[in-house]
Amino acid sequence: MRDYTIFIPEFVAAGGAVLIIALELIWPRIRRDILATLTVLVSLGWIGASLAYIGMGDNNFQGLIQVDNFTTFFRILAGGIIAVVAIMSATYMRDRAKTASEYYGLLLVAGIGMVYMAAARELITAYISLELLSFSLYILVGYLKRDALSSEASLKYILLGAFSSAFLLYGISLIYGITQTTYYDGIADALLARSGDTDAAAVVGFMLILTGVGFKVSAAPFHMWAPDAYEGAPIPITAFLSTLSKAAGFALILRLFTSAIQVDAVEWRWAVALLSAATMVVGNLMAIQQTNLKRLVAYSSIGQVGYMLVVVAAIGYGDPEVGRDASSALLLHIVGYVVSTLALFTAITAIYNRTGDDSIPGLRGLAETQPFLALVIVVSLFSFAGLPFFAGFATKLFMFQSSTTDGLLWLIALAVVNSFVSLYYYLMILRQMYLFDPPEGAARWRLNPVMWCMGAALIGATIAIGVYPGPFFEAAAHATEPLYQQGADLLVQR
Amino acid sequence: MELTILLLIPVAGAVLIGLLPERAEQNARWIALLSAVAALAFSLFLFFDFDSATPGYSYVVKERWVDISSFNLHYHLGVDGISLPLIVLTTCLTLASVLISFSVTKRQRLYYALLLVLAASVLGVFMALDFMLFFMFWELELIPMFLLISIWGSGRKEYSAMKFVLYTIAGSAFMLVAILMLAFADGGSFDLVELGESNVSGALLPLGWVFAFLFVGFAVKLPVFPLHTWLPDAHSDAPTAVSVMLAGVLLKMGGYGIIRMCVTIMPEQAEDFGIWMAGLGAFSILYGAFVTLRQTDFKRLIAYSSVSHMGIVLLGIGALGKTSIMGANYQMLAHGVVTGMLFVMIGLMYDRTHTREIAKLGGLGRQMPLITTGLVFAGFASLGLPALAGFIAEITVFLGAFEKFEWAVLASIFGVVLSAGYILWTLQRVVFGPVKHDWDGVTDQHQWWEHTVAGGMAVLILILGLYPALMMDTMSGSVDQVIARVEEVQS
Numbered sequence: 099m100r101d102y103t104i105f106i107p108e109f110v111a112a113g114g115a116v117l118i119i120a121l122e123l124i125w126p127r128i129r130r131d132i133l134a135t136l137t138v139l140v141s142l143g144w145i146g147a148s149l150a151y152i153g154m155g156d157n158n159f160q161g162l163i164q165v166d167n168f169t170t171f172f173r174i175l176a177g178g179i180i181a182v183v184a185i186m187s188a189t190y191m192r193d194r195a196k197t198a199s200e201y202y203g204l205l206l207v208a209g210i211g212m213v214y215m216a217a218a219r220e221l222i223t224a225y226i227s228l229e230l231l232s233f234s235l236y237i238l239v240g241y242l243k244r245d246a247l248s249s250e251a252s253l254k255y256i257l258l259g260a261f262s263s264a265f266l267l268y269g270i271s272l273i274y275g276i277t278q279t280t281y282y283d284g285i286a287d288a289l290l291a292r293s294g295d296t297d298a299a300a301v302v303g304f305m306l307i308l309t310g311v312g313f314k315v316s317a318a319p320f321h322m323w324a325p326d327a328y329e330g331a332p333i334p335i336t337a338f339l340s341t342l343s344k345a346a347g348f349a350l351i352l353r354l355f356t357s358a359i360q361v362d363a364v365e366w367r368w369a370v371a372l373l374s375a376a377t378m379v380v381g382n383l384m385a386i387q388q389t390n391l392k393r394l395v396a397y398s399s400i401g402q403v404g405y406m407l408v409v410v411a412a413i414g415y416g417d418p419e420v421g422r423d424a425s426s427a428l429l430l431h432i433v434g435y436v437v438s439t440l441a442l443f444t445a446i447t448a449i450y451n452r453t454g455d456d457s458i459p460g461l462r463g464l465a466e467t468q469p470f471l472a473l474v475i476v477v478s479l480f481s482f483a484g485l486p487f488f489a490g491f492a493t494k495l496f497m498f499q500s501s502t503t504d505g506l507l508w509l510i511a512l513a514v515v516n517s518f519v520s521l522y523y524y525l526m527i528l529r530q531m532y533l534f535d536p537p538e539g540a541a542r543w544r545l546n547p548v549m550w551c552m553g554a555a556l557i558g559a560t561i562a563i564g565v566y567p568g569p570f571f572e573a574a575a576h577a578t579e580p581l582y583q584q585g586a587d588l589l590v591q592r
Numbered sequence: 011m012e013l014t015i016l017l018l019i020p021v022a023g024a025v026l027i028g029l030l031p032e033r034a035e036q037n038a039r040w041i042a043l044l045s046a047v048a049a050l051a052f053s054l055f056l057f058f059d060f061d062s063a064t065p066g067y068s069y070v071v072k073e074r075w076v077d078i079s080s081f082n083l084h085y086h087l088g089v090d091g092i093s094l095p096l097i098v099l100t101t102c103l104t105l106a107s108v109l110i111s112f113s114v115t116k117r118q119r120l121y122y123a124l125l126l127v128l129a130a131s132v133l134g135v136f137m138a139l140d141f142m143l144f145f146m147f148w149e150l151e152l153i154p155m156f157l158l159i160s161i162w163g164s165g166r167k168e169y170s171a172m173k174f175v176l177y178t179i180a181g182s183a184f185m186l187v188a189i190l191m192l193a194f195a196d197g198g199s200f201d202l203v204e205l206g207e208s209n210v211s212g213a214l215l216p217l218g219w220v221f222a223f224l225f226v227g228f229a230v231k232l233p234v235f236p237l238h239t240w241l242p243d244a245h246s247d248a249p250t251a252v253s254v255m256l257a258g259v260l261l262k263m264g265g266y267g268i269i270r271m272c273v274t275i276m277p278e279q280a281e282d283f284g285i286w287m288a289g290l291g292a293f294s295i296l297y298g299a300f301v302t303l304r305q306t307d308f309k310r311l312i313a314y315s316s317v318s319h320m321g322i323v324l325l326g327i328g329a330l331g332k333t334s335i336m337g338a339n340y341q342m343l344a345h346g347v348v349t350g351m352l353f354v355m356i357g358l359m360y361d362r363t364h365t366r367e368i369a370k371l372g373g374l375g376r377q378m379p380l381i382t383t384g385l386v387f388a389g390f391a392s393l394g395l396p397a398l399a400g401f402i403a404e405i406t407v408f409l410g411a412f413e414k415f416e417w418a419v420l421a422s423i424f425g426v427v428l429s430a431g432y433i434l435w436t437l438q439r440v441v442f443g444p445v446k447h448d449w450d451g452v453t454d455q456h457q458w459w460e461h462t463v464a465g466g467m468a469v470l471i472l473i474l475g476l477y478p479a480l481m482m483d484t485m486s487g488s489v490d491q492v493i494a495r496v497e498e499v500q501s
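Going line by line, the protein sequences match chains A and B.
The working numbering applies: residue 99 is where the first sequence begins, and numbers increase by one.
The working numbering applies: residue 11 is where the second sequence begins, and numbers increase by one.
Keep in mind that the hints were calculated from the coordinates and are not lab data.
All C-beta atoms in this analysis are idealised placements derived from N, C-alpha and C, irrespective of residue type, glycine included.
Which residues of chain A face chain B? A few of them, derived with a C-beta cut under 7 Å, are: (1) Pro486; (2) Phe518; (3) Leu521; (4) Tyr532; (5) Pro567; (6) Gly568.
Taking lysine to aspartate or glutamate pairs in the EDC-like style, the calculated list, with each CA pair at most 20 Å apart, reads: (7) A:Lys196 <-> A:Glu122; (8) A:Lys243 <-> A:Glu200; (9) B:Lys116 <-> A:Asp535; (10) B:Lys414 <-> B:Glu278; (11) B:Lys116 <-> A:Glu466; (12) B:Lys116 <-> A:Glu538; (13) A:Lys243 <-> A:Glu329.
Pulled from the structure, derived: some chain B residues nowhere near chain A, Cβ distances all over 12 Å: (14) Gln36; (15) Phe58; (16) Gly165; (17) Thr239; (18) Arg362; (19) Pro396; (20) Gly431; (21) Phe442; (22) His447; (23) Thr462; (24) Ile493.
Full structure from sequences and hints, please.
Right under this line is the structure:
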């Protein structure tokens, strides 16, 4: 029986997207703020509808799409990110583009792409969801048509994105060639049963899939597009790219790597470990040299991806026990990272709206002209750097601790060293804000109350996760449960 | 509960200051003063209320905090005879720092708020009985220190602040690894009380490594040669109040950590490493003293003398005897007050002359009699004049360590002779000698807060020098417990 009820939350989101686009078509002079508000309401409705699915048993659509706690987790995350980005965009897009309805509509569509990346249990479905997300992002990155940088960023992103999709598809086809199926469960069984003469094809297939998803989450050496795309995109879209698109990549990775190809972990885990090491080192070393704030955030988020990949490597190296703890910690880390990143971008957007400057020296003396935003930036940067009392410390601690397995000690050590190195460039930003006097003639300015509340809420959440992570971890642990219920049966066979 | 209140007093002060509107900026200092006084009064109440006969920790609070898979963390605070005197030292010096900062006019709200956050984080370090909580307070202290040095400092302030942060962070990385190793070993835990009673085994790394990692984390802070190079920079470029806090209490976090963590948790390894600790201590004493002789900047001179004096702490701990550890702990208190007072007096002098070059100063005894009297008094205490604080501490350490490490003590005593040399020589150049007319017309100390700080610290030095039993009795019981752990392994 086909159970369409499991799609209700996305019906809400997609319906909202169509409604928003239609509204501007019918009534071109509609105020942009109304569209933004509508987007926020739709995403809140989306979250509300998703809550009904918590703890519901097996909700499977033809073996293609699985709605379980893991999917619900990403539905809530997507709704939350879109709501925050829409609020950020309301002030940013007001006078920068002629139309705004496609912009808000595509935010929702991209969110749907992410949710199905998390929910897919079949490779083609996962691929299509990934493309849905990617195409929405290509348009969003280039949304400021008149801005050469934005168009350039979009073009680069499209070319490299298409390239990576090709890799991914090629990998999928190789795996299909070996296993004769695209369903995750079927792949797992077939991989288990395969004979040694398909080793070469399997390894190549895994590497190509890894390359494909590596592009999407911007892991080094496939990270080249990220700094350009981040720099050129409208600021709220940069926030969107570095939160939703990364979280989506990891949702797909977690679902795929813990089930379908877990049985052949020996063949891919070393590559993930190397990818992780390269990513964190490149991200952190390149970040040190940046002068543009958005590029710096791009590289620092590449570094963060390196830490997250440690967990994926640990899933390959460890037993299911390790895998489950590490995956839960990864979800918690993603939440902490998303909240801190959104806080940072709330501040950057507000500053850019005021000064039109997004370079690091542009933050000069911010502690005098707008102390609240300086505080927001400090909290989010300290969270990235992993200082105690902020989200990043607790989440990274759990992530590294739960990933500690015999084969990975070197990687954990590297990650710890890297996260201490990263403090250096975060302090350089702090230095601009607190140590120097503001430029001549810069006066104290007031912040829009909506942005103020959002900034306060986001740093509140960052500190809450850092100080009292228990409940957040529990939620994350519930979300990873279904992954390992299915995985456990497979591992018994292994 | 009591300890939570003590922790919250400075935090509440900081929050109140944060809420002050800009036009009321002048009031920040009064709020800071009020909360510093309240914290001092409350800590004194705890100190006199404390019963040194109770075994273990007093005023314990333990609440479940994080309970995630293998992480069992608690909000766990408590004090014993080793930490309580250090807490009183912290509150005393916080009050001194607030008072000495009354001359600060730049961005006062942020300044006092950071100073109070710094005090709270140091108090947290001395109170925490959960290793992760300890670590969090340990790291928290970096944020206010970085900003305080780099905004209100002088000279190469940004360089010094960054160096300070990077050194400490590098040490903490080692410490964090060691903490996790201990927590997930057999018989391990995050609970310092449990760790202090059980014998940990089967950690991921050999326990000798774990001990060394912990030691590196604390040795950076103490500081021990060759990890000391951040100290002269941070000291000389920090504003006066921050130098006082840095020399007075932040260095003590290192010594406290070695006693509380390294020795109590891993007595066996401490026994093995004892000779290295004593050797490093003795070397730091001599090295620090020799380098001090060559300094031309007054604050750098005191900074290097701190390296020398903290070597005595390490020597005392390395000997692992009751007397020597008591002496080490006493040396931390004495050094905190004495060096704190030296920095206060140099700060007052700098406010007036705007130079710290010893060669440019001279004959100041005429022009600023009160300040120089304080300087000479603190200098005498620093070189270990009997009846003043430093003497008791040094003699106790030397007596305690002599039996075990004769050579180290003999070498260290030579370091003390050197310290008499550099202090007296410096005093002679700065205070006495021909009057320099460049300094005609500079004012002496005249504000009430300047008198209060200088007088108060002199009284503290006298109390520590004349009535050592006050602190020694408090410490005794708790040090006995540490020693019991060590003897358990020795036998």
